[in-house]
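Student: Sequence:
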Amino acid sequence: MPDAPDTNSRRRLIMVVAVGVLLIAAVVGGTLLKQSGEPVRSVAALCAQLDQAKNLDNALTSLDPTTLAPQVHALKASAPVSPKEIETQVSTLSEFVGSLLQEVDAAAPADRRKVLADSLARREAEIDGITAAGQAVQDWAAQNCNLDLGDSSSSVTP
Numbered sequence: 004m005p006d007a008p009d010t011n012s013r014r015r016l017i018m019v020v021a022v023g024v025l026l027i028a029a030v031v032g033g034t035l036l037k038q039s040g041e042p043v044r045s046v047a048a049l050c051a052q053l054d055q056a057k058n059l060d061n062a063l064t065s066l067d068p069t070t071l072a073p074q075v076h077a078l079k080a081s082a083p084v085s086p087k088e089i090e091t092q093v094s095t096l097s098e099f100v101g102s103l104l105q106e107v108d109a110a111a112p113a114d115r116r117k118v119l120a121d122s123l124a125r126r127e128a129e130i131d132g133i134t135a136a137g138q139a140v141q142d143w144a145a146q147n148c149n150l151d152l153g154d155s156s157s158s159v160t161p
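With positions in the sequence shown counted from 1, the corresponding number in my numbering is that position plus 3.
FYI, nobody ran anything at the bench for these hints, they're computed from the structure.
Think of the CB as a built atom: it goes at the ideal place given N, C-alpha and C, for glycine as much as any other residue.
Label pairs and their in silico Cβ distance ranges:
(1) 45 <-> 76: 18 to 24 Å
(2) 18 <-> 72: 55 to 61 Å
(3) 18 <-> 42: 38 to 44 Å
(4) 129 <-> 87: 21 to 27 Å
(5) 67 <-> 91: 25 to 31 Å
(6) 88 <-> 112: 36 to 42 Å
(7) 88 <-> 13: 53 to 59 Å
(8) 108 <-> 87: 27 to 33 Å
(9) 87 <-> 18: 42 to 48 Å
Given only the sequences and the hints, what does the whole structure look like? Please build it.
Tutor: Now the structure itself:
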């Protein structure tokens with residue numbers, strides 16, 4: 004029976020190692036699961052969303068629902084993927100445009116232009132901040148994505 008303590012020690016060691024491996028696997032799995040639900044903030048992700056939102060100013064002017072809704076959706080989707088250095092400006096712009104679109108969408112088709120004008124007039128105090136945020140996003144997109152957000156062309160001339 005001299006082997007009995009040695010066998011028990013090995014079993015205990017194997018159990019401790021197995022429990023340790025399971026704990027590590029659980030921690031790693033939980034971390035990966037948590038991170039998989041979060042949007043990835045990156046230049047590439049934001050550029051892709053901004054490319055879909057380009058010419059939003061023209062769509063707002065025309066109030067064409069076939070182009071306006073997808074562009075506003077792309078702008079809203081750009082906020083969670085924005086890199087930290089431009090996140091505030093993208094969020095500001097997205098929230099402003101989103102709230103405008105909610106009001107315009109709630110109006111009868113014949114009243115949409117008036118509702119847009121009235122909504123902009125009520126937000127007159129915000130216009131300077133929104134303009135600055137919009138300019139910052141346009142500049143960032145030109146520099147990082149080679150996108151001209153205010154023009155019908157998709158790239159900036161070098």
